[in-house]
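Participant: Residues per chain are reported as follows:
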Amino acid sequence: MCADPKVLEGLSWFACYLTTPKHFQFYLSFLTVLALIFITAPFTLLLGFAGALATRSRFLPLRWIGTAYTSMVRGVPDIVFFLFVPIALDQVLEYARHRVLCPEVTDPVYRGNDFVVCAIAKLPLNSAPQWTHEIYGFALAIVAFSVVFGAFAANTIHGALSAVPREQLETARAFGLNERQTFRRIHLPQMWVYALPGLSNVWMILIKATPLLFLLGITDIVYWARELGGTKTSFFEYPHSDWRLWYFLVLLVFYLGLTSVSEKVFAALRRRVSRGQAVIGEIAEALR
Amino acid sequence: MICGQALASYGFRSIGLGERALPRADIAVCEQIVLIGSGVIWNLYLAALAVVMGFFFATALAVAKNTANPWYRKPAAWFIFVFRGSPLFIQFFFAYEAFVLLPRAGIDIPLGIATITAETGWLTKAWLGALIVLFLNTSAYSAEIFYGALRAVPSGEIEAANAFGMSGFSRFRRIIWPTLLRLAWPSYTNEAIFLFHATTLVFFSGFPAWRQQGDALYYASYFAQRTFNPFVPYPIAAIYFIACTILIILLFGAINRRLNRHIDPEFRARLRFRPQFMR
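So the sequence lines, in the order shown, correspond to chains Z and E. The opening position of the first sequence corresponds to residue 161 in the numbering used here, with each subsequent residue numbered one higher. The opening position of the second sequence corresponds to residue 512 in the numbering used here, with each subsequent residue numbered one higher.
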């Protein structure tokens, strides 16, 4: 039916237009966005915990590292990190491989306006298939996102750990629980109710930062919206004028749906963790 | 003087003064420091105007969202939902595409005797188009903060105002508004900081940098691409942003002290880092 798009009209033209292979790649890229969110979230939580615990550590250098990590997102825009972390990490890895794999090369790696490592130190290798390059780029993006949102989460978790009433912990110690047990059985479970509003915030920021994948050179929904929406002359199979506005409208609606569904899920979760604690919803709300 | 040469050539490059061509080969650290610093002018310009104008619009939106009349409440609530629920990055792209579709020649606005021709071409430029998006965006976020504060104004204060025979605008202006600001200010400080940070998105999201006049991050990424060394330009940009963030905190802290000058220091709300539902 879609063999000759020139003769199609109206609804059938649109049906064929929206099912071209390129459009399926566009639809699949929505999954890329969701994949990024769901892969990044656990790492974010992990780094958040690491950062918060480091900030509270009794070992001074560790505390410095934790404080520096949690403070870094306060003063510097996250986009700076998104641009910096992938390329910096890539160069650090390539430099390390360069040192190990070709020790005979002694020239500096920064030569003029270029970064030169020997061919076998490249990541991924020039001979590698295209999909390795894509996976590598995606992995670097995940690291960048995790580092930045881990810092946001660390702020939240640190605040939540301090918000648990002191009496609770003192009572636990009075009952003979040691430090580790107090943390695992009393401190951590009670922390969630204070952390959840903040963590839901971090989740929202994470969702709303995903279009930045485009800046990292990944073919995500923004890339396809620009690609497919741009003016197509009669040279193309499906000629149309500049439709980027409508494609971006679709993205806008997609994100609005994503954030409002998340909001509902977090509201339910908040009710769940507040059960059995002497904290009314209003207070948890006010703390965020 | 340190960096004197670079300062003379590139000190105001971001607003079109000085040397025309950007440094290409043999880029000195001085040139990076000066040029990225000149880009900060853009960030400050966009953030300052958007926050100042957004402040008033946000107040109106918050009041509208709090009224019982659905003709005011619904549009305000939807406006806030759309701008807070979607990424700023997409908003920039969307607005840019919409501005591009406007007739290029300008729109004639008949005003009885004279006709004003609105320059639609300006809307596709960052200085106006991006400013409008940032203004609407910060209005939505601030309105939600103000709305929350408005609902937290103690009912006793309103009852006292009623007892004094105040109503309508004078009650709002003299009683509700000062308390609202006092309650909202710590969150509003965060909003101002993050709006300032969000200005870095402008030149990465559709709006072209006309004659390579861009913001701090635009120049930082230019240098990173030129020299293939991200370890110099990005930290320079980061230091500028930290410095500006500290300035914002000092400024808003001073305002906070003024708003709270009649309150016992023990009970004052402290400024805290809380990324509230950010973009």
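Incorrect hints may appear among the rest.
Said to hold, decoys possible - The calculated lysine to any residue pairs, modelled on SDA-like cross-linking and capped at a C-alpha distance of 20 Å, are:
1) E:Lys585 / Z:Leu405
2) Z:Lys392 / Z:Glu169
3) E:Lys636 / Z:Leu405
4) E:Lys636 / E:Arg662
5) E:Lys636 / Z:Asp402
6) Z:Lys392 / E:Ala609
7) Z:Lys424 / E:Leu613
To be clear, the hints were calculated from the coordinates, so they are not data collected in a lab. Given the structure is predicted, the values throughout are model-derived calculations rather than measurements.
Participant: Next, verify each hint and record whether it holds.
Facilitator: Hint by hint, here is what the structure shows:
Restraint check for Lys585 of chain E and Leu405 of chain Z: the C-alpha separation of about 25 Å exceeds 20 Å, so the hint is violated. Distance restraint check for Lys392 of chain Z and Glu169 of chain Z: the Cα-Cα separation of roughly 17 Å lies within the 20 Å cut-off, and the hinted pair is therefore satisfied. Straight-line distance between C-alpha atoms of Lys636 of chain E and Leu405 of chain Z comes to about 17 Å, which keeps the hinted pair within the 20 Å bound. Restraint check for Lys636 of chain E and Arg662 of chain E: the C-alpha separation of about 39 Å exceeds 20 Å, so the hint is violated.
With a C-alpha separation of about 19 Å, the suggested pairing of Lys636 of chain E with Asp402 of chain Z holds against the 20 Å cut-off. With a C-alpha separation of about 18 Å, the suggested pairing of Lys392 of chain Z with Ala609 of chain E holds against the 20 Å cut-off. The suggested pairing of Lys424 of chain Z with Leu613 of chain E is violated, with an alpha-carbon distance near 37 Å, which exceeds 20 Å.
Taken one by one, the earlier hints fail for this structure at numbers 1, 4, 7, listed in ascending order.
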